[in-house]
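Could you put the whole structure together from the sequences, leaning on the hints where they help?
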Amino acid sequence: MQIEVIVNLKKIKMEVDANEFLADTLRKYGILSVRKGCDTTCCGLCTVWIDDKPTLSCTTLSFRANGRKITTIEGVHKEANEFAQILVAEGAEQCGFCSPGFIMTVLAMKNELTNPTEETIVHYLTGNLCRCTGYMGQLRAIKTYLGVL
Amino acid sequence: MKTVGKGISKIDGMSIATGKPVYTEDLAMANCLVVKLLRSPHAFARINSIDTTIAEKLEGVECILTYKDVPKQRFSLAGQSYPEPSPYDRLILEEVVRYIGDEVAIIAAVDEKTALKAMSLIKVKYELFDPVLDFEKAIGHASIVHAENDVHCNFDIGMKKDLNIVSSHKVEVGNIDEEIKKCDIVVEETYYTQANAHAMMETYRASSYLDHTGRLVIVSSTQIPFHVRRQLAKALQIPASKIRVIKPRIGGGFGGKQTSAVEIFTAIVTLKTGKPAIIIYDRKETFSCTTSRHAMRLSVRLGADSNGYIRVVDIQGLSDTGAYGEHASTVFSVVGDKTLPLYNKTTAVRFTGNVVYTNKMPAGAFRGYGATQGAYALESTVNLLAEKLAMDPTEIRLMNLIKEGETCLTYNGKLLGSSTLHKCIEKGKELIGWKERYPAQQIDKNRVRAIGMAVTMQGSGIAGIDTASAEIRLNDDGNFTLLIGSTDMGTGSDTILAQMAAEILEIPIENIIVNAADTDISPYDPGSYASSTTYVTGMAVVQAAQDLKRQIIESGAKFLEVSSEEVEFDGETISMIKGEGSVRLEKLAEFLVLGTGKHQLVGNATYGSPVSPPPFIAGFAEVEVDKETGKIDLIDFVAVVDCGTVINPKLARIQVEGGIVQGIGMALYEDVKFGDKGKLLTNTFMQYKIPCRKDIGNVQVAFEESFEKTGPFGAKSIGEVVINTPAPAIAHAVYNAVGVRVTSLPITPEKVFMGMQNRINF
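In the order they appear, the protein sequences are chains A and B.
In terms of the numbering used here, the first sequence is numbered consecutively and its last residue is 153.
In terms of the numbering used here, the second sequence is numbered consecutively and its last residue is 2050.
I should point out that these hints are in silico values taken from the structure, not numbers from a laboratory.
Ideal Cβ positions, reconstructed from N, Cα and C, are used throughout, including at glycine.
Take the hints with a grain of salt, since some may be wrong.
Covered, in the sense of this in silico footprint (three residues per stretch, anywhere, with C-beta under 8 Å from a C-beta of chain A), are these stretches of chain B [unchecked claim]: (1) 1300-1310; (2) 1484-1492; (3) 1533-1540; (4) 1569-1576; (5) 1772-1784; (6) 1963-1975.
Only pairs whose alpha carbons sit at most 30 Å apart, straight line, appear in this in silico DSS-like list of lysine-lysine [stated by the list, open to error]: (7) A:Lys73 / B:Lys1401; (8) B:Lys1715 / B:Lys1294; (9) A:Lys114 / B:Lys1977; (10) B:Lys1572 / A:Lys32; (11) B:Lys1345 / A:Lys32; (12) B:Lys1977 / A:Lys147; (13) A:Lys114 / A:Lys147; (14) B:Lys1982 / A:Lys57; (15) B:Lys1308 / A:Lys82; (16) A:Lys15 / B:Lys1401; (17) B:Lys1977 / A:Lys57; (18) A:Lys32 / B:Lys1308; (19) A:Lys82 / B:Lys1294; (20) B:Lys1401 / A:Lys32; (21) B:Lys1560 / A:Lys32; (22) B:Lys1522 / B:Lys1449; (23) B:Lys1308 / A:Lys15; (24) A:Lys17 / B:Lys1405; (25) B:Lys1560 / B:Lys1356; (26) B:Lys1308 / A:Lys17; (27) B:Lys1401 / A:Lys17; (28) A:Lys14 / B:Lys1401; (29) B:Lys1308 / A:Lys14; (30) A:Lys147 / B:Lys1308; (31) A:Lys147 / B:Lys1715; (32) B:Lys1982 / A:Lys114; (33) B:Lys1405 / A:Lys32; (34) A:Lys73 / B:Lys1308; (35) B:Lys1308 / A:Lys114; (36) B:Lys1563 / A:Lys32; (37) B:Lys2039 / B:Lys1733; (38) A:Lys57 / B:Lys1308; (39) A:Lys57 / B:Lys1572; (40) B:Lys1294 / B:Lys1997.
Put into structure tokens, the structure is as follows:
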């Protein structure tokens, strides 16, 4: 079937199977920052925004995105770079494979939470797994980025 | 120092953080065949018949391979220097399948859907055997996991196939039986360490194609490109010169990618079809059909005198390697190698035991590589001994631990190099608040907070075996290319190796292009494992840079028509020490490659160390246990590290934090479980819980630098040692909280709760 979506502000017609997931469709159409880590909605690697809400694309059927606005890290280049620089300055990207999904969640959190505390930050990001860094460096980077003491 | 010791950001940091297409899947050709594997549903069986005729007729299917279609040459997937100590006990596909998930057929099709459809059309009939599932019953089991006659061992590792024993190990110095009699106190305990999954975020994957000269090119998320090349050559029976292995960015490894899970399957498809192919394991396959940490049973007996001096350390082990013997003997021997040297007031030490085959997913290399299992068993027993002697557990360690310049029974007269372990303990006590908070504090009616501790050592590379080479080229524009074969898997090793080269050459790190790793281009390196890259490849880089610097000085002097003693090089200019003459580096570089009779400068070095200097850690855990439920919360973990000189404090800190959190996972949550028919049950992140942000409390890291004179700028390793202390330190803290000594990992609320009931009852 064909769907029409707006990916990073660009209207695209996509050919998808009825049982195809959005993460696979986006990769098929060249959005390679989107990655699958678990296939079971556990790890957060595949996080993209659908209508500005962070969504796990590995378990979202592609046709569900029909007519909607999809944002990936390629579409928020400036904000992502700003945070990534702080993250990298902490050394907290390590293998980097989970970073795009993680950064999309961090940016969504920034939009969504007012005056977040360490506790609310940790809670918001619980679904984003990372096996390399031990999370501490990521937390330091987020606190610097958001100016949380 | 200008560059070494600085917290420089990773050279690839921004690209990988912002999702640039730099990983294996991103780089695969668009028209790759998709490779899928039909797997055995039985733990132990022989394939009586396999019918692929219907599947092959499906449109879009390119090839289906069974055991009839592959070379009959046994090999090992263990990434180890040749000759590998792991047995050659595998075929690419075999008539006999040895665990649930073992490969039965390779299917390549135009897309995933077609490949899966074809898979469902293959008809297999099995003759079932009684599987060996309990590793404690493997020796002497009626079933023999590897009954075939062509298993080959490069060394005598003590294999007794008929008894399901892969390897036997024994180290004994002194007379245990005599010395134990002289001890005033003897304590003994048996521990079980579970299998763990690496759970790196990027699952196993590789793609392959034939290049313009018909050579086989593999792009793989691997820690061991040179070992992969050698394994493929052997398994496929083609010359290694016909194979090229490229390692792009890797999404984590932790030792998992020191065993080649997938390369052989995509490689054979490309060889058979001539077409590019890709294989990507999903998370379920990654959990069920690759490797895990070796599960072990370790019995520890310690003897001490009444003053608290440990005189006897006696460890007996049994290790479960699963269906194939990758890293079987070496992981097991490391249990002893990294425990027996620690306490050196001993008069007799012994480590002995067997590694057995079972019909389960194979075990393999995993960060810590046996030292982790050993540390949990030994350190838990040292804590038990301290209690029996009514000694502070830090004091018994300060009295008994080996110090810099001392020897121990297993070192055979050789002396320990650098160590600040005693300082690490003192520092850790301060940071955790040992004086005020040891052993425990009641928080309210139900909750108790308590602390515990442990120490550990690892190695830095494999002494006398693993050897790395490095090349640094002075480019025509005065910049440099550093060529290495080590495999940065996210650790930042490409960056710290560039820091070392920049330091020697006195140039900014930005002037260095790092190229790693590609077997066509890189000089030989075994790969990044065994905590070797900083120490072994690092020394090769230092020496290559020194070699190039010498050549730059010589060439500059020749250009200035003076002797090399008369000039100096400051990273930018070669100048006469006395006098006015000078030439800028970029000018010299250009001069060296343009025109006739020229010679481009390349520094190179090959380095293998005769020693493997241990890094050390003192780890301290504070837990809160709910006495009503047994629930354990980790409040604080303090790790004080001696890794020699810290080359990059920022990247080293993250390595420590990440390793500690993996160790916390092993201590409290992670458990690879099998059903009663041998099926792996924990095959998603829902069943196999790795720590999330809420599970870890606070992790504090401090360094007590030593100077290791055999290492680059005084550095030792850091990658593995960081995972060893959480399990014993947390077990100790839990005991101090509620008096329950958990001797099998992970330390679950259920075990703690049941322990409390028993303690109350008895």
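Verification of the hints:
1. 1300-1310: holds (count 10)
2. 1484-1492: With 6 residues close enough to chain A, the hint holds.
3. 1533-1540: With 4 residues in contact (Cβ-Cβ under 8 Å with chain A), the coverage given for the segment 1533-1540 of chain B holds.
4. 1569-1576: holds (count 3)
5. 1772-1784: holds (count 4)
6. 1963-1975: holds (count 3)
7. A:Lys73 / B:Lys1401: holds, 28 Å
8. B:Lys1715 / B:Lys1294: holds, 23 Å
9. A:Lys114 / B:Lys1977: Roughly 28 Å between the alpha carbons, so the hint for A:Lys114 and B:Lys1977 holds.
10. B:Lys1572 / A:Lys32: Within the cut-off at roughly 22 Å; holds.
11. B:Lys1345 / A:Lys32: Measuring from Cα to Cα gives roughly 27 Å; hence the hint holds.
12. B:Lys1977 / A:Lys147: holds, 26 Å
13. A:Lys114 / A:Lys147: Distance of about 11 Å is within 30 Å: holds.
14. B:Lys1982 / A:Lys57: With Cα atoms ~23 Å apart, B:Lys1982 and A:Lys57 stay inside 30 Å; holds.
15. B:Lys1308 / A:Lys82: Roughly 14 Å between the alpha carbons, so the hint for B:Lys1308 and A:Lys82 holds.
16. A:Lys15 / B:Lys1401: holds, 28 Å
17. B:Lys1977 / A:Lys57: holds, 26 Å
18. A:Lys32 / B:Lys1308: Holds, at about 15 Å.
19. A:Lys82 / B:Lys1294: holds, 28 Å
20. B:Lys1401 / A:Lys32: Distance ~14 Å between B:Lys1401 and A:Lys32 Cα, so the pair holds.
21. B:Lys1560 / A:Lys32: Holds - the C-alpha atoms of A:Lys32 and B:Lys1560 are around 26 Å apart, at most 30 Å.
22. B:Lys1522 / B:Lys1449: holds, 23 Å
23. B:Lys1308 / A:Lys15: holds, 22 Å
24. A:Lys17 / B:Lys1405: holds, 28 Å
25. B:Lys1560 / B:Lys1356: Holds, at about 14 Å.
26. B:Lys1308 / A:Lys17: At roughly 24 Å apart (the allowed maximum being 30 Å), A:Lys17 and B:Lys1308 satisfy the hint.
27. B:Lys1401 / A:Lys17: The given pair, whose Cα atoms are some 22 Å apart, holds under the 30 Å limit.
28. A:Lys14 / B:Lys1401: The hint holds at about 29 Å.
29. B:Lys1308 / A:Lys14: holds, 19 Å
30. A:Lys147 / B:Lys1308: holds, 25 Å
31. A:Lys147 / B:Lys1715: Distance ~27 Å between A:Lys147 and B:Lys1715 Cα, so the pair holds.
32. B:Lys1982 / A:Lys114: holds, 19 Å
33. B:Lys1405 / A:Lys32: holds, 20 Å
34. A:Lys73 / B:Lys1308: The hint holds at about 22 Å.
35. B:Lys1308 / A:Lys114: Holds, at about 23 Å.
36. B:Lys1563 / A:Lys32: Judged against 30 Å, a Cα distance of about 20 Å means the pair holds.
37. B:Lys2039 / B:Lys1733: holds, 21 Å
38. A:Lys57 / B:Lys1308: Holds - the C-alpha atoms of B:Lys1308 and A:Lys57 are around 22 Å apart, at most 30 Å.
39. A:Lys57 / B:Lys1572: holds, 28 Å
40. B:Lys1294 / B:Lys1997: Distance ~20 Å between B:Lys1294 and B:Lys1997 Cα, so the pair holds.
Every hint from the earlier list agrees with this structure, and none is contradicted.
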